[in-house]
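Mind docking chains B, C and D on chain A? Use the hints.
There are 4 protein chains.
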Amino acid sequence: MSNKKLLNYADYLKLETILNSQDLKSAERGTPAHDEMLFIIIHQVYELWFKQVLHELDSVLDVFGQDSVDESNVSLAVSRLDRIIEIQKVLIDQIRILETMTAMDFLEFRDDLFPSSGFQSAQFRVLENKLGLQPNERINYGNQDYKNPLLESGKQVVKKAESEKSLFDLLETWLERTPFLSFEGFNFWERYSDAVRSMLQKEDETIKNNPNHSVEEIEYHLKEHDRAVDSFEAMINPDKHNELIEKKKKRLSHKATQAALLIFLYRDEPILHSPYNLLSRLMDVDELFTTWRQRHALMVRRMIGAKIGTGGSSGHAYLQKTADRHKVFGELADLSTFFIPRSALPELPKNIKRNLGYFFNR
Amino acid sequence: MSNKKLLNYADYLKLETILNSQDLKSAERGTPAHDEMLFIIIHQVYELWFKQVLHELDSVLDVFGQDSVDESNVSLAVSRLDRIIEIQKVLIDQIRILETMTAMDFLEFRDDLFPSSGFQSAQFRVLENKLGLQPNERINYGNQDYKNPLLESGKQVVKKAESEKSLFDLLETWLERTPFLSFEGFNFWERYSDAVRSMLQKEDETIKNNPNHSVEEIEYHLKEHDRAVDSFEAMINPDKHNELIEKKKKRLSHKATQAALLIFLYRDEPILHSPYNLLSRLMDVDELFTTWRQRHALMVRRMIGAKIGTGGSSGHAYLQKTADRHKVFGELADLSTFFIPRSALPELPKNIKRNLGYFFNR
Amino acid sequence: MSNKKLLNYADYLKLETILNSQDLKSAERGTPAHDEMLFIIIHQVYELWFKQVLHELDSVLDVFGQDSVDESNVSLAVSRLDRIIEIQKVLIDQIRILETMTAMDFLEFRDDLFPSSGFQSAQFRVLENKLGLQPNERINYGNQDYKNPLLESGKQVVKKAESEKSLFDLLETWLERTPFLSFEGFNFWERYSDAVRSMLQKEDETIKNNPNHSVEEIEYHLKEHDRAVDSFEAMINPDKHNELIEKKKKRLSHKATQAALLIFLYRDEPILHSPYNLLSRLMDVDELFTTWRQRHALMVRRMIGAKIGTGGSSGHAYLQKTADRHKVFGELADLSTFFIPRSALPELPKNIKRNLGYFFNR
Amino acid sequence: MSNKKLLNYADYLKLETILNSQDLKSAERGTPAHDEMLFIIIHQVYELWFKQVLHELDSVLDVFGQDSVDESNVSLAVSRLDRIIEIQKVLIDQIRILETMTAMDFLEFRDDLFPSSGFQSAQFRVLENKLGLQPNERINYGNQDYKNPLLESGKQVVKKAESEKSLFDLLETWLERTPFLSFEGFNFWERYSDAVRSMLQKEDETIKNNPNHSVEEIEYHLKEHDRAVDSFEAMINPDKHNELIEKKKKRLSHKATQAALLIFLYRDEPILHSPYNLLSRLMDVDELFTTWRQRHALMVRRMIGAKIGTGGSSGHAYLQKTADRHKVFGELADLSTFFIPRSALPELPKNIKRNLGYFFNR
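Quick mapping for you: the protein sequence lines, in order, are chains A, B, C and D.
Read left to right, the first sequence gives residues 1 to 362 (the numbering used here).
Read left to right, the second sequence gives residues 1 to 362 (the numbering used here).
Read left to right, the third sequence gives residues 1 to 362 (the numbering used here).
Read left to right, the fourth sequence gives residues 1 to 362 (the numbering used here).
Take the hints with a grain of salt, since some may be wrong.
Identical chains blur together in the list; that is why a pair holds if it fits in one copy or across any two.
[Unchecked claim] Below, a list of computed lysine-lysine pairs in the DSBU-like style, where the Cα atoms sit at most 30 Å apart:
| # | residue 1 | residue 2 |
| --- | --- | --- |
| 1 | Lys89 | Lys327 |
| 2 | Lys89 | Lys165 |
| 3 | Lys350 | Lys51 |
| 4 | Lys350 | Lys208 |
Hints in this document: simulated from the structure, not taken from any laboratory.
Computed from a predicted model, the values in this text were never measured in an experiment.
Extracted from the complex, chain A is given alone in its bound form (with noise of 0.2 Å):
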């Protein structure tokens, strides 16, 4: 300790470096606009958040990315994802704090912001690549490739993202290949199948003697179970499932989501505890996305109302689109269609259920 220079708060966390980076650009012509401060200071917030998170979603990579996983490294995960889970609550809180910023205040400083914008952000971007959304399926103004308004530096990092494997990539490829669930010299699709073809059945028939419905509203709940029906076949059939991947009408490969279902459906297994709650995470940290997409959309729009961005978008219609798109997981939110209760679900037998338990209880 002696001959060490004694740690101090300030130096550890640099602020002389950190307090030091908030140039308003109003002040560079010599009226600095009072607001200038939050709008920057909220946004470097921000940034470090998303330098978190992405630290956080890298250690969860990492757990995915080893040709094993030790299910006590899934647990691990499922910690990672509730720290990105609380950020995102905050990242969503936080929009109050620039709203107290009106559209008048902001009016006196926009015009010196132009062209740069939040589309700038390559830590977003990064994020949104390694969470596994695919660059055909953002939504594009005109024919730009997202990554055109990036710094040089941000580009390459994005690329990087882009050719990297996602977390929905190694998420499939481990539920693929998860070996507890192979549930050998039990038929439990053909049981399973029953189960829920019962049900369906039960609910077509609850559609038709709906009295509070008129007959055009029963032809469109029958269309529409109609399509969960298909649904429900493609579970079964890889082949109807493999042909609405083609279709891009689904993403997740037949064996992964078959998987997902039973991790779902048998949750209350020991062994399953963890991958349940991983499954549940994921589906909480793509809705919190989409939720702070929808407040981002809803302040944007009072904040310049049509105007245009200041990176030249055209504002909250499009923040409000990529909330309704830019989603990766929500194909784990659909399995609860084919959820039965608990009563009729097929029972495990007893050596499968031993093998999904702890050693202490053998």
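Below, chains B, C and D without anything else, positioned relative to chain A:
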């Protein structure tokens, strides 16, 4: 005090009644589902809060239903809206409680609920009507009226709310006659139009010269921009505005729209503080209901996937549509399109400025 | 379906009853106070949530009241506590709704409430008792029993909860007998003590050598440190621990304390995931009630200042004291005093480690 | 535009610098601790928000540092405080992010931080001083000045803030000279005193006749009540008030206290809207810092138990004490002790009432 029974907390709150109003349908079948209790209680809590929101909303309607609205009552209305807003935040946040119920847990009692559904909440329909949602703006199923699924008593109150003046109506009337915005002898609109047109011209150039954009994008944004220009001309020209109203592209009258814009632009003048806060809170209320619907739609997707809802609806897709469309005060948010920086704003003549101030400072 | 009346949302939730249970006392005097509605409704909402918390807590008590606790039931208990936690967050956040009522507005009906008071919430007393708050730990006024202000029916249920095993009691018993922590043939405590003593020795030096501290401060911290050392010796030595229990300085038995520590230290082992989550959630529940009491105390100070409460209590000072003292699982939080880095932790022998894993990976 | 480099988001926000300012101390030892990244980033985020809070606070100090404070600037100050409040809510909520780091995870790098500590945050000390926390009110360790652990540069700015007028000071001066509260020719205090004394008399009887209370409790509450009576007499009588100031039981001057009370009582008058909002927000800011300290203390207890902090302090006990004591605007909250219902309030003479209204309505 001696001759009346002492008041007790439990009696005051009628806890004996309130806390014995949870009858599990699943229990009637002999298999009580643990999570049905949560389902009942959270919906009862929602309805209690709806009652409170209606209590506050009614008092706001009272304020603006008067022939002449005292300015200090506007400030009372703002504090009532503040309370509604805090309630709305809780309505959104408590979705997290319901999300602790998993899709599998819901299935244990879901069939018992058929065909009852949240669409049968009379209070929520009354609330929408009192805010100003118009029957013909509603997204309906088939040809069915949204009141059909309600009990007879519910239908009556909802119908009554349809026939009364809504907050939208009363606000419009109040805006149309705000006497302190007469600006007699001051050619405001001409000077303001010049400032806006020069801003719009600048935007036009910004779009054309954006080095990050392709030809297609520039065209796309120019088209959007032209819409903004048209929209501005309607702001100045009552005939154009009325055309848009006839085409159902606008709803708020020309005079009221101009008054709202003036309140936004000159909100720093003392007498406009409360009116500004009022408009601002109305946008908050609108946005928070949108957020509530969006969160609700996400939750339902995860809970039932593509299954039909207990009321026979096709679930989350419908809810998402209402989030996009069931807005009442969106035109206020759009006004920011026409904001210009304070520095470009026509300065008010001294006598008008005094008119908008406190008596004490005369 | 044909022979039973169709279920309706309003009937299912008994809305007719629930929404007609708000009788304003101020209205009986002929001068209804607008804000009394909020006062009644928010308290009814609190009581509904308390009922839900008790519903979840009872199911947790059921799990741990069994002679042998199935490990997968521990995971069920955790999910029930998760729900309690989400409810607690809303209980805290909705204080903001009540804070929209100002002190002046409260005065309009405050005298009408006398002498009823939140102290008369039987459900909250039952809740405290079921968690494990002991009657003799409670902060009382004068010599009065905390049950005195309750209605007779309330007294009965609170008394019953006093006499039953609390969650604290059941947790203690469960911890004492956790079979998978026997560690036979592995001298854990000796090796762990060495590691802790060396850590404590290092802390001792750290204090003595702190260049930022004066002599007085160093003495002060050394005294604190000595207490930590004593506390650690009690962790190792059952006799010392029992002494502290007799002096009311500790409550959790020596054996249970050791088991809890082991769960914290080896929480990465699969079979300890749920037990770790359990302890962690219990600390959360405790802390959230503390936060709720603290926020409540702050609100009351602002609402009535130094006035007496409607129940005759001296208001916020009392509430603040209960926040400081009414804790049940604080000893779990204190265990972190004895945590050491994973790297310094005695490695578990292979056979013990296997015992704590999944059967599948044997 | 052509002759200047186009602004880019990453350059504008200095992301290259900001995102490369996280150097893990544990990495220097060759064993990077995953969670140290979170520890660094969340503290950097806290410091960025502190900078923003100081930016807003400085502008509020500017407003009240003027020789004559324009009423419309009071409303500006309120909107700046609104922003501080939204930031404080995020400061509190983001503790949940840090709580995803467990005590064991913290141990992996805790020793690397010695002896740096949050006590070395110069910005937070400046913030406390600018609000008005007095050096002699601070809870210190031993005889050490709270500035000692700071870097030299930090000491300088904190010292400067000590020597300048705080918000408390400026508020006091502003309250003392509020011209619109002169009430000349209207014997306000006599009539108000009568109303309060009659209210206090009623409280006295309420206590004596409480059927739920024992003799001891009644005595206890009477003693508390007498303190309220004394406190009220000091409100009326400047000499008694000054005595309390000398005994350090009060801080705000008699004249300022009276002005604050008037603002609370007549807040419905237009010219008092902003002053009322101001006082109200100052109580919010105070309470939110208290809540932040309380939550911080709870978190630290769980993270390190009775261990000493990295800065050598005895951790959570100290933090809890600062939560109880480091308050600046508590005297404003206490004023509610002397509120009386609107109906009992002396009615203002017409000419005074007009003085407090808008010019337009004269």
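How the hints compare with the structure:
1. In this homomeric assembly, Lys89 and Lys327 come within 30 Å of each other (Cα to Cα) both inside a single copy, at 17 Å, and across copies, at 25 Å.
2. Taking the closest pair of Cα atoms, Lys89 and Lys165 come within 30 Å of each other only inside a single copy of the chain (26 Å); across copies the shortest separation is 38 Å, beyond that limit.
3. Taking the shortest Cα distances, Lys350 and Lys51 never come within 30 Å of each other, neither inside one copy (47 Å) nor across copies (38 Å).
4. When the C-alpha separation of Lys350 and Lys208 is checked against a cutoff of 30 Å, the pair qualifies neither within a copy, at 41 Å, nor between copies, at 61 Å.
The earlier numbered hints that this structure contradicts are 3, 4.
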